[in-house]
Amino acid sequence: MRTRRSLSFVSSTALACAICTNAAAAQTAEDQQTPTQLAQATAPDAGAAQDSRSEIVQSGNQISEIVVTANKREQNLNKVGLTISAISGEALQNQRITTVADLAKVTPGLTFAPTPNSTPVYTLRGVGFFEASLAAYPDVSLYIDQVPLSLPAMSSLTAFDLERVEVLKGPQGTLFGNNATGGAINFIAAKPTRELQYGVDLSYGRFNTVDVGGFISGPITENLRARLSFKAVNGDEWQKSYTRIDGGVPAEFQALGVPDPGNGRQDRLGKLDNVAARLLLDWDASDSLRFSFNVNGWRDQNDPTAPQYTRAVPQNPPGSAGPGGVVPVDLPAFVYPAAPHNARAADWNPYLRPFQNNKFWQTALRADWDITQDLTVTSITGYSDLDFLNATDGDGMALEGLDLGRDKGRIKSFTQEVRLANAASNPLRFVIGANYERTTANEDIELYISGTSSTAANGFNGNFYGSDQTMKNYAAFGNIEYDIGEWLTLKGGIRRTKAERAADIRSPYEPDGFYKPGVFGDNSLTKFFNATYEVLAGLGVYGPGVVIPTIPVGNGIALDTRTNPDGSPVDPSTYLQPGNPYLTLDEKNTSWSVGADIKPNDDLLLYVNVSKGYKAGSIPTLAGAIYDAYLPVTQESLLDFEGGFKIQLMDRRLSINGAAFYYDYKDKQLRAKFVDPIFGALDKLVNVPKSKIKGAELNINAQPTDGLTLSGAVTYLDAKVSEYQGITGSVVDPGSGLRVPTFASFKGVTLPYAPEWQFAVRADWEFPLTETFDGYAGIGINGQSKSIGVLTVSPVEREDYKINARALVDLNAGIATNDGRWRAGLWGKNVFNKYYWTNAIQAYDNIMRYAARPAEYGLTVSFRY
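Counting from 1, one number per residue, gives the positions in the sequence shown under the UniProt record's numbering.
Please note that a few of the clues may not be correct.
As the list claims (entries may be wrong) - As a list, the in silico BS3-like pairs of lysine-lysine whose alpha-carbon atoms are at most 27 Å apart: (1) Lys588 with Lys692; (2) Lys271 with Lys408; (3) Lys690 with Lys747; (4) Lys747 with Lys720; (5) Lys498 with Lys666; (6) Lys802 with Lys666; (7) Lys359 with Lys498; (8) Lys690 with Lys588; (9) Lys834 with Lys802; (10) Lys599 with Lys666; (11) Lys240 with Lys79; (12) Lys786 with Lys802; (13) Lys472 with Lys359; (14) Lys786 with Lys720.
Unchecked claim - The calculated label-pair distances, taken between Cβ atoms and stated as ranges, are: (15) Asn818 with Met650: 22 to 28 Å; (16) Ile656 with Ile484: 21 to 27 Å; (17) Val200 with Asp284: 25 to 31 Å; (18) Asp284 with Asp706: 34 to 40 Å; (19) Gly748 with Pro565: 25 to 31 Å.
Treat the hints as calculated values from the structure; they're not laboratory data. Predicted model only: the values in this text are computed from it and were never measured. Glycine residues also receive a C-beta, built at the ideal position from the N, C-alpha and C atoms.
Please model the complete structure; the sequences and the hints are all you need to start from.
Here's what the structure looks like:
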């Protein structure tokens with residue numbers, strides 16, 4: 001048998017040997033399909049999916065369908081009354097989608113943006129939370145096989161060896177999992193098979209990038225199956241310094257203080273170095289009891305992307321004076337040359353060179369117990385651990401404008417869910433359950449700012465800050481569906497959630513002996529604030545006779561100036577005391593959904609849903625000089641009115657799905673600015689009271705002839721603020737000399753990361769070449785209209801923070817043996833080398849943008865057995 005003939009190939013590991021030894025006994029004709037435990041979140045309104053299986057099937061010229069076998073009932077995604085984008089594992093591989101950033105390019109409505117802390121931000125249909133802190137929950141929740149990736153930093157290297165990825169749009173959480181106002185992204189791993197299978201993929205591409213991945217899957221015993229997979233990527237740097245070039249640093253840049261490494265070579269950044277692996281075990285303990293075990297992990301040593309400097313926005317204008325001196329007109333941060341309009345051109349501090357060394361592992365255990373033929377209890381237990389360490393350049397200069405010399409953190413997350421569901425064959429179906437999550441996130445940051453106007457005026461060069469945060473979430477949920485005849489299904493869900501958060505804040509401090517003394521010598525930060533508080537107290541700013549205590553070296557400098565509306569202190573024990581805030585946030589909410597599915601015939605589904613979702617509040621990790629900077633944002637809510645259709649035509653060779661939606665978005669969480677009385681505009685989390693989002697989307701798939709597949713998707717958004725009085729800047733109070741804010745209405749302003757149009761179209765053609773070989777070719781075009789990275793009312797700032805429109809072209813072509821075992825092809829991404837960027841934000845004195853990678857191309861060879 002072929003299983004025995006392959007023994008020598010897989011005998012390199014004990015697991016492979018065990019699989020091969022038992023494959024022959026377990027192999028039967030009905031076991032040719034690959035089972036996948038499908039997350040019930042994939043189709044929460046389709047029925048009480050307890051132990052789902054998914055498979056890709058195709059008949060003649062018909063479009064491939066994702067069929068869900070929800071415990072005695074088959075249902076494909078075109079029968080689910082929700083708006084879902086699904087991409088199969090084969091499509092992920094063909095299109096070289098390896099990260100969520102790649103997924104955003106081909107999923108209209110979804111966007112990705114990097115942050116200065118090298119944490120990702122995902123936005124879906126204009127609903128997202130731009131917050132760089134490790135402890136910030138996302139508006140778009142992420143899962144691997146129903147196990148939450150609680151915080152976005154955990155999602156870096158999850159997209160390998162997948163059955164598919166599904167993007168659920170609109171508020172999530174009424175069934176199970178984390179509450180999310182924007183939607184959910186489900187990574188569904190390829191599962192252990194009942195027969196021996198293995199494969200390997202090897203790619204070589206631009207920048208000497210080597211990408212290798214593989215898997216082996218099959219039975220260990222008659223009732224135990226395993227799958228082991230891995231992926232590793234290594235590549236050279238793709239970014240190039242435009243001030244430290246071959247031959248050294250030109251004189252005009254030396255005059256700005258650009259350091260010369262002295263090697264005479266152009267400085268480069270952007271290497272790839274990462275590895276990921278996953279082990280899955282499926283055990284049928286009995287006819288009524290099943291277990292699935294998952295352990296996975298990755299190590300990410302990719303260089304963080306350096307931003308591109310575009311222009312200066314002085315926070316302390318030339319001529320401003322402070323304890324450190326007078327801000328000069330020719331401060332290098334003000335006259336630094338803008339980056340060329342080239343994706344590869346960037347700059348960074350060579351003495352605080354960006355690096356990354358993040359390590360993640362996760363384990364999960366799922367148990368399904370059929371109490372009766374009609375009732376199943378499911379338990380899902382998960383634990384995730386992320387060790388986060390990086391250094392990033394936050395200003396796009398070779399100077400210390402805003403550099404995170406070290407951002408070190410640790411995330412630990414435990415999740416538990418238990419639910420009870422009846423069989424999907426019942427006309428009345430239900431799921432009830434509860435879940436619990438406890439996540440801790442610790443973060444410590446070293447900030448260096450010697451090149452800023454703040455240092456020129458105030459005399460200190462940097463500080464340390466951080467936080468220790470603990471989040472606990474408790475929830476109970478229920479979902480019910482009732483078939484009123486064959487053509488109408490009514491559905492509803494509810495979830496009650498209690499969310500708790502506590503944060504020990506380390507406000508800016510300076511360790512004794514800090515190696516970067518300022519104009520006051522050692523401990524310049526502490527000396528500056530002691531002197532400043534003494535002067536302000538002497539002027540009576542804090543009230544008659546008030547004396548601010550002296551700050552010891554190493555202690556936090558943030559001053560508690562919080563007062564109630566009647567002027568009394570919020571906390572008398574800490575009022576007008578410098579130190580470290582301790583903040584808590586306790587919230588409760590009730591998410592719900594109601595809807596109806598109308599099925600006039602087997603090829604047409606009409607649906608309407610109304611749902612309300614929440615996302616818990618957040619406490620930032622940042623460098624603030626007063627307690628007000630750390631005040632939490634409260635929970636946001638979103639009420640979604642949505643209707644859609646799914647229709648199959650031309651003997652199911654044509655599928656058209658469409659939806660229209662209206663969001664009533666309240667208390668949107670936003671990282672904006674507030675005016676510190678000493679330093680001016682600094683970061684702060686705020687709630688935007690009211691926003692409205694209107695939109696529609698259309699998805700078309702067609703297979704007009706055998707071998708030719710066409711697809712297209714488009715999303716339209718109109719996402720605007722409807723009520724918000726926000727800060728636009730500051731002026732100096734002539735009486736006190738302190739900065740006070742200026743305000744304006746933001747009504748009608750477009751929300752960040754919400755392009756009006758996004759689209760993705762693709763054509764794939766497979767055709768015979770010889771009796772042994774087939775050919776294939778594909779082209780994909782995706783893009784978006786312009787968007788914006790920061791909420792602003794200023795026409796000048798709208799241009800500064802603009803994220804440019806783009807259309808990207810991807811190509812692939814190759815040959816494959818017609819038995820599916822061998823495949824070799826060429827590919828190209830962004831083949832016309834379109835220069836575009838994914839974010840544009842402010843870093844104290846600078847406006848900067850994050851350019852995306854340029855054109856890439858390469859060769860991939862694959863083998864399957």
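Comparing the hints with the structure gives:
{"no.": "1", "hint": "Lys588 with Lys692", "result": "holds, 23 Å"}
{"no.": "2", "hint": "Lys271 with Lys408", "result": "holds, 20 Å"}
{"no.": "3", "hint": "Lys690 with Lys747", "result": "holds, 9 Å"}
{"no.": "4", "hint": "Lys747 with Lys720", "result": "holds, 8 Å"}
{"no.": "5", "hint": "Lys498 with Lys666", "result": "holds, 19 Å"}
{"no.": "6", "hint": "Lys802 with Lys666", "result": "holds, 25 Å"}
{"no.": "7", "hint": "Lys359 with Lys498", "result": "violated, 30 Å"}
{"no.": "8", "hint": "Lys690 with Lys588", "result": "holds, 20 Å"}
{"no.": "9", "hint": "Lys834 with Lys802", "result": "holds, 16 Å"}
{"no.": "10", "hint": "Lys599 with Lys666", "result": "violated, 34 Å"}
{"no.": "11", "hint": "Lys240 with Lys79", "result": "violated, 50 Å"}
{"no.": "12", "hint": "Lys786 with Lys802", "result": "holds, 7 Å"}
{"no.": "13", "hint": "Lys472 with Lys359", "result": "holds, 23 Å"}
{"no.": "14", "hint": "Lys786 with Lys720", "result": "holds, 15 Å"}
{"no.": "15", "hint": "Asn818 with Met650: 22 to 28 Å", "result": "holds, 27 Å"}
{"no.": "16", "hint": "Ile656 with Ile484: 21 to 27 Å", "result": "holds, 26 Å"}
{"no.": "17", "hint": "Val200 with Asp284: 25 to 31 Å", "result": "holds, 29 Å"}
{"no.": "18", "hint": "Asp284 with Asp706: 34 to 40 Å", "result": "holds, 38 Å"}
{"no.": "19", "hint": "Gly748 with Pro565: 25 to 31 Å", "result": "holds, 30 Å"}
When held up to the earlier numbered hints, the structure conflicts with 7, 10 and 11 and fits the remainder.
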